[in-house]
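Residue numbers (my numbering), protein chains in the order written: chain A, -3 to 253; chain B, 55 to 328.
In case anyone wonders, no lab produced these hints; they're calculated from the structure.
Fair warning: this is a prediction, and the values are worked out from it, not measured in the lab.
Think of the CB as a built atom: it goes at the ideal place given N, C-alpha and C, for glycine as much as any other residue.
Each hint should be verified, as a subset may be incorrect.
What the hints assert, rightly or not - Covered by chain B, per the in silico footprint, the following chain A stretches (three or more residues, Cβ under 8 angstroms):
| hint | stretch |
| --- | --- |
| 1 | 40 to 50 |
| 2 | 105 to 111 |
| 3 | 229 to 235 |
Spelled out, the chains give:
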Amino acid sequence: MNRKAIIAAGIALSFAVSGPIEAQRGRGGQGGAPVTAKAAAPVDLTGYWVSVVTEDWRYRMVTPKKGDYPSIPLNAEGRKLADAWDPARDEASGDQCKSFGAGNIMRVPGNVHVIWEDDNTLRVDTDAGTQTRLFRFTGSPVTSTAPGWQGNSAAQWEIAGGGRGGRGNAQQGGGDLKVVTAGMRAGYLQKNGVPYSANAVVTEYFHRTMESNGDSWLIVTTMIEDPQYLNQQFQRSTHFKRLPDGSTWSPTPCTAR
Amino acid sequence: MRVPVLLLLAMALCAPAFAQIDFSGEWAPRFYEDQPERVPGPELGDYLGLPINDAARMRADTWSASIQTLPEWQCRPHSADYIWRGPSALRISKEVDPVTRQITAFHAEWLRSVDRTVYLDGRTHPEEYAAHSWSGFSTGKWDGDMLTVTVTHLKEGYVRRNGVPRSDLATLTEHWIRHGNWLTVVEIINDPVYLTEPFVRTTDYELDLHQQIPPYPCGIVEEVDRPEGIVPHFLPGTNTSLSEFPAHHDLPAEAAKGGAETMYPKYQSKLRQK
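With the rest of the complex left out, here is chain A (with noise of 0.2 angstroms):
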C-alpha cells in the first residue's frame, strides 16, 4: 500500500468511526442544535496524569538489550528488522522518536496533559518526547496529508449501557473513549526496535476510575494491528495516576537509545 492509500484509509476509518455527535449520545439526543463532544462527555478526562510503571518495568524504564522482546508477537519480518535495530542509525536519520509514536507513546514512563484543543477535539501532550496526539470527534476529514509520529486520531465516546443505541446516556451511567489512529509513521513498539508499520492500526479505550481513597487512575487498553510485522492482535493496558497540577511537567526530547 502506498503512503496515498494508507492516508485514504486513515480518513475512511475517520469516518467510519466517528459518527455525528448526536447520534452518540443514545438517547439522551433531544434534537435541537448539535452537540459539541466536550459538552456530550460522559467522563472528564482532562488533567494531568503521571504513568505509574509497575509492569514491563525492565522494557520501559530503561532500554532492553536489542533482541530482547519476549512479550511481543512479532512475525518473521518483524523479528528481522528488530533483530537488526541501529539505534545511531536513527540518529543520524532524525528518527529518534520512533519508540514516541501512537503505537507506544502511552507505554513511554512520563506524564500526560490532556486538554480540550477546542469543542470537537481533545488533545493530548506527554512530557516524554514532547508529542502531541489529537483525537478528533468531527468526523471530517483530516487535513493533514504527510503522515506524523502520532498519525490521525478520530475519536468516539462510549457511552455506558450501549450509548449506540442502548439506555444508558452521559448523565447516568458513564462511559469511556474510543480512539482509532492510523496513517503513523513506521516506528517502535519497544525502544529497542521493535517495529510496527505504517499500516498498522491502533485502537484504544479511555477509562477513568475514582477509587475510595481519592485516587483517580486513567486506563488505557490499547489494541494494535498490523499484518506487516505482528502475527496477531496486540494488546496492552496502561495506567495513569491523576495528579493535583502540572508540577512535575519535564519535557524531555526523543531519544534513540
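Starting from the known structure of chain A, fit chain B onto it as the hints suggest.
This is chain B only, laid out in the frame that chain A set:
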C-alpha cells in the same frame, strides 16, 4: 390479579440502573506484558516497580523457592489478587435470578484456583474476624459498564511469585472492563503491612470459544527427603543469588530492590546518574 401486579411491580423496582455487561465466557490469558515474570516466572531478587517496604523486602530476600515442595504448600492455589497474572486460563460464569433475570453473581475459575464468587446482590462483607480464604470475599457494583469489585478476607499471599509477600490485612479493588472479545482487569492492592502505596496492575484476556479448563486434581507427594519441621529459607544476607538479577540485566542493585520510587518516571533520571 393482585399477585401478578405485585410481581410486575417488584420486577420494575429491581430493574438495574444501567445495563449489565456480560463477563461470562472462556478467557485466555495473553502475555503481552511481563511475559518473563508471568510464564517462566520472576527471577530471584526482582522487585522492580513494586511499592514495597523494608519488611516485605526482608521476607522476599529470605524466601526460598524450595518452600513450594513442602506438603503444606504443594496444592496451595494462587490468591485472588495474583491469579489474574498467573499463566492460567479463566472461566467466568454468571448466576441469574430466575425472577428478575438480573445477574446476581459472577464466578471466576482458573486452572489452579478455587471458585471465586463475586456477589452482586447487595450483601455486605463479613465481620472482621470471619475466616480468610485464598479467594477472599468479593462484592461488585456497576460503574457504568465497568464492574468494580471489592475483595476482603484474603489469606496471606504474594504480589510477585518470587517471595514478595502480601498480608492478610490487604484489600483489593478490581475494575472489570470488557471491549468485545477483550477483558481488561485493573487491580489495586492496598496493604498496610507490606506496601507503602497502592499497587496497581492491569491484565488482559481474550475470549476463546474453544477453550476448556481441564480438571486439576492436586495430590501431595514427598518431593524432598528432609527432616521433619524444616522450612526452606535463607537467613538475612545469605542468599547470594539475589545479586544475579540486576547483574544479568545491567541494572543498579538499588533499583532491583524496588520501592515506590521505582514506579515513577522521575526515577529514570536517577538511573541515568548511576
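Do the hints match the structure? See the list:
For the stretch 40 to 50 of chain A, the assignment as covered by chain B holds, since 5 residues bring a beta-carbon within under 8 angstroms of that chain's beta-carbons and 3 suffice. Coverage of a stretch by a chain is defined here by at least three residues with a beta carbon nearer than 8 angstroms to that chain's beta carbons; for the stretch 105 to 111 of chain A and chain B the count is 3, and the condition holds. Under a criterion of three residues with beta carbons nearer than 8 angstroms to beta carbons of chain B, the stated coverage of the stretch 229 to 235 of chain A is upheld, 6 such residues being counted.
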